[in-house]
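Residue numbers (the working numbering), protein chains in the order written: chain A, 1 to 359; chain B, 360 to 706.
Just so you know, these hints were derived from the structure itself, not from any lab.
Watch out, some of these pointers could steer you wrong.
What the hints assert, rightly or not - Here are the simulated DSSO-like cross-link-like pairs (lysine-lysine), alpha carbons at most 30 Å apart as the crow flies: (1) K382(B) <-> K354(A); (2) K354(A) <-> K657(B); (3) K355(A) <-> K373(B); (4) K491(B) <-> K354(A); (5) K355(A) <-> K494(B); (6) K354(A) <-> K373(B); (7) K355(A) <-> K441(B); (8) K382(B) <-> K355(A); (9) K491(B) <-> K355(A); (10) K354(A) <-> K470(B).
As the list claims (entries may be wrong) - Label-pair restraints from in silico Cβ distances: (11) V582(B) <-> Y188(A): 23 to 31 Å; (12) M276(A) <-> V582(B): 21 to 29 Å; (13) E444(B) <-> I7(A): 50 to 58 Å; (14) P535(B) <-> T273(A): 37 to 45 Å; (15) I348(A) <-> T502(B): 38 to 46 Å; (16) P31(A) <-> K382(B): 51 to 59 Å; (17) E444(B) <-> F162(A): 52 to 60 Å; (18) N552(B) <-> S207(A): 55 to 63 Å; (19) Y188(A) <-> P535(B): 27 to 35 Å; (20) T273(A) <-> N552(B): 38 to 46 Å; (21) K547(B) <-> T273(A): 39 to 47 Å; (22) T502(B) <-> S207(A): 24 to 32 Å; (23) Q458(B) <-> I222(A): 15 to 23 Å; (24) F162(A) <-> K441(B): 54 to 62 Å.
Each residue gets a CB set at the ideal place from its N, CA and C atoms; glycine is no exception.
So the chains spell out like this:
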Amino acid sequence: MRVVMLILMPLLMMVMVGFIFPSSNSIQNTPVAIANLDNGPLSKTFITGLETMNNQQGYMILSNATDFDDIKIQIQNGKISGGIIISANFTSSLQAGHWGNISIIIDQTNPQMSLMLQSILSAVIQQLGTQYAMWNLSEPLPRIVPYYVQVEGIVPGNPSYFEFMAPGIIAMTVMMALMTGLPHAISYEKDTGTLDGMLVAPLNRFSIILGKTLAQVVRGLIQGVIILLLAIFLFGVTIYGSIGLVFLILFLGIFSFVGLGILITSFTGKEETATMIMMTFMFPMMFLSGVFFPISQMPLAMQYIAKCFPLTYAAQALRKVIILGAGIPAISTELIFLAVFGVVLLIIAIPMFKKAMSR
Amino acid sequence: MVGCGDTMDEIAIKTVDLTKKYKDLVAVDHVSVDVKKGEIFGLLGPNGAGKTTLIRMLCTLARPNGGSATVAGYDIMKEDSKVREHIGLVSEKMIMYDQLTAKENLKLFGKFYDIPKEQLEKKIYELLTLVKMEKWANKQIGTFSTGMKQRINVIRALINQPDILFLDEPTLGLDPQSSSEIREFIRKINVENKTTMILTTHMMTEADMLCNRIGIIDYGKIVAMDTSENLKRMVSGADTTVVELEIPNLTNNIVLLIESLNSVQNVTRKNDTHINIQAKGAEAFDDIIDTVRQNDGKISYIRSLEPTLEDVFLHITGHEVRDQASEKIPMMEHRHGPRPMPAKRIR
Numbered sequence: 001m002r003v004v005m006l007i008l009m010p011l012l013m014m015v016m017v018g019f020i021f022p023s024s025n026s027i028q029n030t031p032v033a034i035a036n037l038d039n040g041p042l043s044k045t046f047i048t049g050l051e052t053m054n055n056q057q058g059y060m061i062l063s064n065a066t067d068f069d070d071i072k073i074q075i076q077n078g079k080i081s082g083g084i085i086i087s088a089n090f091t092s093s094l095q096a097g098h099w100g101n102i103s104i105i106i107d108q109t110n111p112q113m114s115l116m117l118q119s120i121l122s123a124v125i126q127q128l129g130t131q132y133a134m135w136n137l138s139e140p141l142p143r144i145v146p147y148y149v150q151v152e153g154i155v156p157g158n159p160s161y162f163e164f165m166a167p168g169i170i171a172m173t174v175m176m177a178l179m180t181g182l183p184h185a186i187s188y189e190k191d192t193g194t195l196d197g198m199l200v201a202p203l204n205r206f207s208i209i210l211g212k213t214l215a216q217v218v219r220g221l222i223q224g225v226i227i228l229l230l231a232i233f234l235f236g237v238t239i240y241g242s243i244g245l246v247f248l249i250l251f252l253g254i255f256s257f258v259g260l261g262i263l264i265t266s267f268t269g270k271e272e273t274a275t276m277i278m279m280t281f282m283f284p285m286m287f288l289s290g291v292f293f294p295i296s297q298m299p300l301a302m303q304y305i306a307k308c309f310p311l312t313y314a315a316q317a318l319r320k321v322i323i324l325g326a327g328i329p330a331i332s333t334e335l336i337f338l339a340v341f342g343v344v345l346l347i348i349a350i351p352m353f354k355k356a357m358s359r
Numbered sequence: 360m361v362g363c364g365d366t367m368d369e370i371a372i373k374t375v376d377l378t379k380k381y382k383d384l385v386a387v388d389h390v391s392v393d394v395k396k397g398e399i400f401g402l403l404g405p406n407g408a409g410k411t412t413l414i415r416m417l418c419t420l421a422r423p424n425g426g427s428a429t430v431a432g433y434d435i436m437k438e439d440s441k442v443r444e445h446i447g448l449v450s451e452k453m454i455m456y457d458q459l460t461a462k463e464n465l466k467l468f469g470k471f472y473d474i475p476k477e478q479l480e481k482k483i484y485e486l487l488t489l490v491k492m493e494k495w496a497n498k499q500i501g502t503f504s505t506g507m508k509q510r511i512n513v514i515r516a517l518i519n520q521p522d523i524l525f526l527d528e529p530t531l532g533l534d535p536q537s538s539s540e541i542r543e544f545i546r547k548i549n550v551e552n553k554t555t556m557i558l559t560t561h562m563m564t565e566a567d568m569l570c571n572r573i574g575i576i577d578y579g580k581i582v583a584m585d586t587s588e589n590l591k592r593m594v595s596g597a598d599t600t601v602v603e604l605e606i607p608n609l610t611n612n613i614v615l616l617i618e619s620l621n622s623v624q625n626v627t628r629k630n631d632t633h634i635n636i637q638a639k640g641a642e643a644f645d646d647i648i649d650t651v652r653q654n655d656g657k658i659s660y661i662r663s664l665e666p667t668l669e670d671v672f673l674h675i676t677g678h679e680v681r682d683q684a685s686e687k688i689p690m691m692e693h694r695h696g697p698r699p700m701p702a703k704r705i706r
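Kindly produce the complete structure, drawing on both the sequences and the hints.
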């Protein structure tokens, strides 16, 4: 086991670092929505040009949006990775010899991706601008590159990679607290003999494990709060969404893991074994759950694996709430997945625990 | 053995062919025992014989693979929660939290039994006084000596006034004074509250002192079950004693003369000055001493030896207790904590 870890660790580290920074290859089929607020013909020309370029290079999947708010919601829901808004006075501005305003809206939960998207879009729009200028050579334009691009986010500020990582790390720490805490708590009681004292009393087996679990949940939440406070006060992370939601996500994250923790604890004799098994799960999960780099940058196969881990959903939901200020509707998929995962595991784990206790 | 005259009312525990296997090891092998209400029943046997496993099954901590048992009238498999209401376990390990005080520990475990608050307070005080620990009620258990901890271990098991108390090697690892005190408490509780007790031990002397009846267990089977006197008589026959004499000027002549006495069955010469004599009959002592004196022997020491567990065991099973302990692997992976190594355990 240790030899495997020795080789695997550096390998995974390399892979991880590689994936943090997206290459241009990873920008394929990125969903982007276009909101055309202009009624004139020039905006339609622009859009056609954009679509043509896109068909050649396939960077984006273009869709329609109605306005800024629509784009905002779609980003929060994770449906699109960015948006383009053509301002209402686009055609009239251009015809009057001014710049045409185009806004690129980025998803701040993914700074790397956003940066790439930004640069690609800017390059594309630049090209279109040059094209437009060339078509109009007969009438020299006061502005050579007529399209003016500005970049906006949904919320003020420009999150860095730290902000991207922080929610994931919070989610991960909280879940790990449970995973290590639960086996330790039960092994301690086994070793000292007090577990026997409880099992010999007319105590419901379920209430024993429930008590242990609740204690670990509280412990995990306290740890989560401490990290959150550190992130806010020491590192300047701002929570744009509601704190209540943050706690809800953390709680559901823990809840989804409880069953697994109980299962592993029931069937291992010593605490060391339980912790080792726990680590075997935690390790790949850390790398694959989109804590350190977005899953959209991973190869498709790994993305599917990532989608099986509760941590992926918890981290993503936390990111949306903390960075983007998303509300419940935006994270409903994640919440449901976490809840269902938790319930299913519990249904399996509790009878197993009862059985294991009376071997 | 329990006579046919005992009705179910008088029986606290009844097992029928109770069996427990761990992979290829049969820990408890078709054990059928009846324990009467109010008696102190001893389970005597070497380490690894299956005593703890048997106790664990009766306490509903482990499930048997075969056979059945009723404890306090309830089936251990089907009515296990009812069983737990009526039993107490003094296990090999200390069932208590070092970080809590004596009182806090007792309170915690008392709450498991839904004892109302006032009654619990009273009971705690009563129990602490019983074992002379009332001054230590508010001191952390982590600061107690082993003897003190074991006293708390015992009363913790009594918090719910159980009908049946299981004690797994209650004096193992204790100094003689503490051991003797614990035995006193056990006797007192049995007499005052008529609590049925099942005691496991590997010390014949302890079984002798405390138990009404003793079951000898070997390799998971009950090989003999009777009162202490009857068991010893199995070895030596009725009316027989073993005497150890120290004779500083012992000669072969004296030994031969003693051997030839009618009342003497066997003489073993231990060394230059010690002999063990197995003799029968009321006249035996007189005959032996007369023989020695008449031949100018000086008796500096005389002691009557009882058959030890070794003797009883050897007689019944045909092998020594020590053989078995070294043969078997004493460490079994019990699900609830490691098994103690023979004779020593860290409390």
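Evaluation of the provided hints:
Under the criterion of a C-alpha separation no larger than 30 Å, the hint pairing K382(B) with K354(A) is consistent with the structure, at around 21 Å. Simply put, K354(A) and K657(B) have alpha-carbon atoms about 69 Å apart, too far for the 30 Å limit, and the pair is violated. For the proposed pair K355(A) and K373(B), the alpha carbon gap of about 24 Å is at most 30 Å, so the pair holds. For the proposed pair K491(B) and K354(A), the alpha carbon gap of about 38 Å is over 30 Å, so the pair is violated.
Restraint check for K355(A) and K494(B): the C-alpha separation of about 42 Å exceeds 30 Å, so the hint is violated. For the suggested pair K354(A) and K373(B), the alpha carbons sit about 25 Å apart, so the restraint of at most 30 Å is met. For a cut-off of 30 Å, the pair hint linking K355(A) to K441(B) stands: about 18 Å separates their Cα positions. At most 30 Å may separate the alpha-carbon atoms for a hinted pair to count; K382(B) and K355(A) meet this at roughly 17 Å.
For the proposed pair K491(B) and K355(A), the alpha carbon gap of about 40 Å is over 30 Å, so the pair is violated. Of the supplied pair hints, the one linking K354(A) and K470(B) holds, its CA atoms being roughly 21 Å apart against a limit of 30 Å. The hint said 23 to 31 Å for the Cβ distance between V582(B) and Y188(A), and at roughly 39 Å that hint is violated. Checked against the hint of 21 to 29 Å, the pair M276(A) and V582(B) fails, with Cβ atoms roughly 43 Å apart.
The hinted window of 50 to 58 Å between E444(B) and I7(A) holds, with their beta carbons roughly 56 Å apart. Our hint of 37 to 45 Å for P535(B) and T273(A) holds, since their Cβ atoms are close to 40 Å apart. Between I348(A) and T502(B) the C-beta distance comes to about 43 Å, which sits within the given range of 38 to 46 Å. The hint said 51 to 59 Å for the Cβ distance between P31(A) and K382(B), and at roughly 57 Å that hint holds.
E444(B) and F162(A) have their C-beta atoms about 57 Å apart, which keeps the hinted 52 to 60 Å range intact. The beta-carbon spacing between N552(B) and S207(A), approximately 29 Å, falls outside the hinted interval of 55 to 63 Å. The supplied range of 27 to 35 Å is met by Y188(A) and P535(B), whose beta-carbon atoms lie about 32 Å from each other. At roughly 43 Å, the beta-carbon separation of T273(A) and N552(B) lies within the given 38 to 46 Å, and the hint holds.
Distance hint check for K547(B) and T273(A): the Cβ-Cβ separation is about 44 Å, which falls inside the suggested range of 39 to 47 Å. For T502(B) and S207(A), the Cβ-Cβ distance of about 31 Å falls inside the hinted range of 24 to 32 Å, so the restraint holds. Taking the beta carbon of each, Q458(B) and I222(A) are about 20 Å apart, inside 15 to 23 Å as hinted. With their beta carbons about 59 Å apart, F162(A) and K441(B) fall inside the hinted range of 54 to 62 Å.
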